[in-house]
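A.B. asks: Spelled out, the chains give:
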Amino acid sequence: MSFNLYVLFDWWPQILSAFGTTVFYFIVCSIAAVLFAIFISILLAMRIRGLTTILRIYITVFRNTPLLVQLFLLFYGLPFIGISLPAFLCALIGIMLNEGAFISEIIRGYIESVPKGDWEAGESLALSRFQVIRYAVLPQALRDAVPAMTGQISIVIKDTSLFSMIMISELTRVSNSIYARTFDTTGFLISAICYLLLFLILSVVSKQIEKRFKVKR
Amino acid sequence: MNQNKQIIVEFKDVVKQFEKDLVVLDHLNMNFYDGETHVLCGRSGAGKSTLIRCINYLEKINSGQILVEGEPVTKKHARTIRKKCAMVFQSFNLFPHMTILENALLGPMKALGQHKGEMIDQIGTYFEKVGLENKMDALPGELSGGQKQRAAIVRALAMNPDLILFDEPTSALDPEMIGEVLNVMEKLADEGRTMIVVTHEMGFARVAADKISFMDAGKIVSTCAPDKFFTDPGHESVERFLKQIL
Amino acid sequence: MVADYLTIINFLSAGLLALLKVIPISMVLSLIIGIIVGVLGYLQIPILKYIVTLYVTIMRGLPPLTLLLLVFFSGSFVSPIVTAIIVLSIYHGAYVAEIIRAGIMAIPKGQHEGADSIGLSVLSKMVHVIMPQVWLSIIPSLVGQYVILIKDTTLISAIGVMELLNYARQIMQVVYRPVGVYVVVAIFFFIICYCLERLSKYLERRIKAKTIL
Amino acid sequence: MSKKTVALLCVLALMLTVVFTGCTKSTSAESGSTVAVEETVDAMDSIFESGKLVVATELGTPPFAFKNAQTGEIEGLAIELAQMFADDLGVELEVRPFEWSGIIPSLLTGQVDMLTTCLTRTTARAGKMIFIEPFVAVSAHALVRKGSGLTTLADLNNPDVVLTTTTGGIYEELGGKLFPDAQMKTNGTNADNAVALSAKRADAYLNDRLQLESSMSMYADQFELITEPIAWDSLAFATRFDSPKLANAANMFMRLSKMSGKYAEVFQKWMGYAYEPTFEVGS
Numbered sequence: 015m016s017f018n019l020y021v022l023f024d025w026w027p028q029i030l031s032a033f034g035t036t037v038f039y040f041i042v043c044s045i046a047a048v049l050f051a052i053f054i055s056i057l058l059a060m061r062i063r064g065l066t067t068i069l070r071i072y073i074t075v076f077r078n079t080p081l082l083v084q085l086f087l088l089f090y091g092l093p094f095i096g097i098s099l100p101a102f103l104c105a106l107i108g109i110m111l112n113e114g115a116f117i118s119e120i121i122r123g124y125i126e127s128v129p130k131g132d133w134e135a136g137e138s139l140a141l142s143r144f145q146v147i148r149y150a151v152l153p154q155a156l157r158d159a160v161p162a163m164t165g166q167i168s169i170v171i172k173d174t175s176l177f178s179m180i181m182i183s184e185l186t187r188v189s190n191s192i193y194a195r196t197f198d199t200t201g202f203l204i205s206a207i208c209y210l211l212l213f214l215i216l217s218v219v220s221k222q223i224e225k226r227f228k229v230k231r
Numbered sequence: 002m003n004q005n006k007q008i009i010v011e012f013k014d015v016v017k018q019f020e021k022d023l024v025v026l027d028h029l030n031m032n033f034y035d036g037e038t039h040v041l042c043g044r045s046g047a048g049k050s051t052l053i054r055c056i057n058y059l060e061k062i063n064s065g066q067i068l069v070e071g072e073p074v075t076k077k078h079a080r081t082i083r084k085k086c087a088m089v090f091q092s093f094n095l096f097p098h099m100t101i102l103e104n105a106l107l108g109p110m111k112a113l114g115q116h117k118g119e120m121i122d123q124i125g126t127y128f129e130k131v132g133l134e135n136k137m138d139a140l141p142g143e144l145s146g147g148q149k150q151r152a153a154i155v156r157a158l159a160m161n162p163d164l165i166l167f168d169e170p171t172s173a174l175d176p177e178m179i180g181e182v183l184n185v186m187e188k189l190a191d192e193g194r195t196m197i198v199v200t201h202e203m204g205f206a207r208v209a210a211d212k213i214s215f216m217d218a219g220k221i222v223s224t225c226a227p228d229k230f231f232t233d234p235g236h237e238s239v240e241r242f243l244k245q246i247l
Numbered sequence: 366m367v368a369d370y371l372t373i374i375n376f377l378s379a380g381l382l383a384l385l386k387v388i389p390i391s392m393v394l395s396l397i398i399g400i401i402v403g404v405l406g407y408l409q410i411p412i413l414k415y416i417v418t419l420y421v422t423i424m425r426g427l428p429p430l431t432l433l434l435l436v437f438f439s440g441s442f443v444s445p446i447v448t449a450i451i452v453l454s455i456y457h458g459a460y461v462a463e464i465i466r467a468g469i470m471a472i473p474k475g476q477h478e479g480a481d482s483i484g485l486s487v488l489s490k491m492v493h494v495i496m497p498q499v500w501l502s503i504i505p506s507l508v509g510q511y512v513i514l515i516k517d518t519t520l521i522s523a524i525g526v527m528e529l530l531n532y533a534r535q536i537m538q539v540v541y542r543p544v545g546v547y548v549v550v551a552i553f554f555f556i557i558c559y560c561l562e563r564l565s566k567y568l569e570r571r572i573k574a575k576t577i578l
Numbered sequence: 682m683s684k685k686t687v688a689l690l691c692v693l694a695l696m697l698t699v700v701f702t703g704c705t706k707s708t709s710a711e712s713g714s715t716v717a718v719e720e721t722v723d724a725m726d727s728i729f730e731s732g733k734l735v736v737a738t739e740l741g742t743p744p745f746a747f748k749n750a751q752t753g754e755i756e757g758l759a760i761e762l763a764q765m766f767a768d769d770l771g772v773e774l775e776v777r778p779f780e781w782s783g784i785i786p787s788l789l790t791g792q793v794d795m796l797t798t799c800l801t802r803t804t805a806r807a808g809k810m811i812f813i814e815p816f817v818a819v820s821a822h823a824l825v826r827k828g829s830g831l832t833t834l835a836d837l838n839n840p841d842v843v844l845t846t847t848t849g850g851i852y853e854e855l856g857g858k859l860f861p862d863a864q865m866k867t868n869g870t871n872a873d874n875a876v877a878l879s880a881k882r883a884d885a886y887l888n889d890r891l892q893l894e895s896s897m898s899m900y901a902d903q904f905e906l907i908t909e910p911i912a913w914d915s916l917a918f919a920t921r922f923d924s925p926k927l928a929n930a931a932n933m934f935m936r937l938s939k940m941s942g943k944y945a946e947v948f949q950k951w952m953g954y955a956y957e958p959t960f961e962v963g964s
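Chains as they are written, first to last, in my numbering: chain A, 15 to 231; chain G, 2 to 247; chain F, 366 to 578; chain C, 682 to 964.
If you are wondering where the hints come from, they were derived from the structure by calculation, not from laboratory data. Since this is a predicted model, take the numbers as computed values, not measurements. Be careful, since some hints might not be right.
Said to hold, decoys possible - Here are the simulated distance ranges between beta carbons:
no. : chain 1 : residue 1 : chain 2 : residue 2 : range
1   : A       : L22       : C       : P840      : 20 to 28 angstroms
2   : F       : I416      : C       : I755      : 42 to 50 angstroms
3   : A       : G64       : G       : G118      : 38 to 46 angstroms
4   : A       : R70       : C       : N838      : 46 to 54 angstroms
5   : C       : K827      : A       : L22       : 40 to 48 angstroms
6   : G       : K117      : A       : I68       : 33 to 41 angstroms
7   : A       : R70       : F       : L564      : 14 to 22 angstroms
8   : A       : V218      : F       : V544      : 38 to 46 angstroms
9   : C       : P840      : F       : A471      : 56 to 64 angstroms
10  : F       : V492      : C       : T803      : 56 to 64 angstroms
11  : F       : L488      : A       : S16       : 34 to 42 angstroms
Even glycine gets a Cβ: it sits at the ideal position worked out from N, Cα and C.
Turn these sequences into a full structure, and let the hints steer you where they fit.
C.D. replies: See the structure below:
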């Protein structure tokens, strides 16, 4: 395991574009996952009979099966039943469903820990259940959930490495292809550094967000 | 005198029980009248809080009927009734992520569908009334307990309610802050607002109440005007209660 | 149709064997690494504490797939399955270390002071006083981490370990039912992970009840 | 105080053991090639000692090596030849399946004695291992969807065209060289590539003819080959540089079985057509 600079000189355009792809997928997927999770946790908090059961099943299933299997099912399985989604959509839907399940579970926890009095205060202002969630409960829960959520989002960075297996030319794929042509593992080291860089940037940003959105009670 | 006033809340044979055997409201019959400040007192666990929480459907009753302005309190009517009666809680329950102005605007804007522009002046005068006109943009977390409770009262007033329910509004406050909240409540009583107040503050009851009811074990034991209540309540358990706290 | 699924399950069972090797060994190794690093992280020994922080940060920021490929192609380890076990253990060891460190931190200060006051050494304090209390509180998060470890074993197909997912991809060419094949794989993981999740919830409740008593 | 230090030292020692075992492992692997010159054992010798020839193969490559869905046995042309070779040596054969990307490392790290899989001979690879005489020569083609409008190889060299091939295979590099303007993608297995082509995620799938034909049989009438080959691929077994004896024996086996007609028999059985010596395979 050694770092050979020539890899960087020979392959920097591919590495740069792969880094861009990774960043792009990370941003798009994490935004989609968070929005989807918020949507799911609102539906859960609405306590609509039947729907709640379905959502609980969805969350349990997606939390307890590997993301890679879900991606393979979406990418290689669905075409057999006539649904051929492009790789981008498979990646997006895969992360949205998988991380969405994890994040909505986090948000649900914080929604449940919003003091009961705040629900009642919202209800006594004659707000509908949705309005209570939308204006009184969810904003608090989301602010409380920021640290746990950014932790989960940092996992999305790592999840993007799985996209290498569904025809997306991101960091891991490109370093693998560098290895296939040069038998040099420097590509993996470079991508590892890129992932760490992204992770550290996200940690700094999330510290700021945490500070900014902290709820004083 | 009662005959001149309209009944605003009517309890008809109301039973409320938690679990199987814990009866909180025991076949309760009671009328509350428009324009009156009605104080409910009694030992803790007597069912006072439950009684007023049943009025705006925060608690469901098991049998009997509650009418608010002639309308039955049911799940179907819950929102219409809540638009008419605002509530002030023991622990304020202000939304911590909004400024107190936003707290006060939330109900009128989202539940009553009013415009912010129409409301903001009126809410401003309420804030002046409670002495918080300089704090409107503060978050609840930045305020003292007394200030929070006064802000919560503004939030209730902002709904322009026919009736305000107070659920032990001073119990969670430090002693030195109780006065500022009671002052505001006295002002409201003087204005002739309809209020139902659950409180242990007998001083407030004596000064501001039009009527005082004493509750014990899920029943209203005695209802009378304050001067009579403190001198000749007419019931032995009320006398004992008064002796203990005065 | 049923025959197809029997073929699939029969075919996949070989992959199960590989997983039965990888999962328990990685669990134990990651626990050992986690205890050592977690205690070291708690003790805050100069210089060493930076190494611990560096290790934990790198493992938290690095995708396990990249780590697997890097270690595997660097050729430092003998076989894919050994690489898989070592990488999974090192990777999850960091997370287990964080769980254990947090567990130690959560033990009331009085316990440390009590142990110090009766003259216990650091080691015997850890072994006899602190760790027995830590176990109880960390079991739920430990089980949660193991669920992630189990799911991460699908990644080792990328370095050629013939495990469940790899067999699944092979059989696709023979039995023409990719949806079915992947669903069978998903069900397998679901059963294991769901049982563990229930177990951790159950233990959490038990532990809570115990501390209240 | 002293007890504390002792305890700390204990923990430190434990930590160091972990670090050191890690180090020794990596140093031994790095210095493996230099050590090999002095004291390594030719795989041939260890094969006789253990009575077992261990080979690596990739399963998703019918008719060369694949798992029979009915019996669960690994079989195919390459496997049968390996079996014949083991029989000649008088030892047992152990076949270890790997995913394609793990094949070459499995040989280089000494887990197996020999690769008996569809290994294309390339100059770069020849620097890593000894190639045995090829066991089959196949042409490599591009597989396209019928009616896709791609009919010649020249059509493929277009920025709009997405090419796919197996991850870690030689066609990734070759495709990049032959069609520099096209986009080069990869998928894990032959079946995955066929899915990608069928689902229009890729416009052409590059691989050797036999692999492509198995993909065509998966999707009856959907695909067609561009008949002009992109390359000729001679597939060969391979062994390590530290095992010249094994390489020598394997070469001799390959040559003799072709001369004796045994090879032609096996070829007919698996390939479905008669063996004709080509300029390279036969000679």
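A.B. asks: Now tell me if each hint is right for this structure.
C.D. replies: Now the hints, each set against the structure:
1. A:L22 with C:P840: 20 to 28 angstroms: holds, 26 angstroms
2. F:I416 with C:I755: 42 to 50 angstroms: holds, 46 angstroms
3. A:G64 with G:G118: 38 to 46 angstroms: Because 42 angstroms falls inside the window, the suggested range holds.
4. A:R70 with C:N838: 46 to 54 angstroms: holds, 53 angstroms
5. C:K827 with A:L22: 40 to 48 angstroms: For L22 of chain A against K827 of chain C, whose Cβ atoms are near 43 angstroms apart, the range 40 to 48 angstroms holds.
6. G:K117 with A:I68: 33 to 41 angstroms: Distance hint for K117 of chain G, I68 of chain A holds at roughly 38 angstroms.
7. A:R70 with F:L564: 14 to 22 angstroms: For L564 of chain F against R70 of chain A, whose Cβ atoms are near 18 angstroms apart, the range 14 to 22 angstroms holds.
8. A:V218 with F:V544: 38 to 46 angstroms: holds, 42 angstroms
9. C:P840 with F:A471: 56 to 64 angstroms: holds, 58 angstroms
10. F:V492 with C:T803: 56 to 64 angstroms: Check passed, 57 angstroms falls within 56 to 64 angstroms.
11. F:L488 with A:S16: 34 to 42 angstroms: holds, 39 angstroms
The structure is consistent with each of the numbered hints, conforming to all of them.
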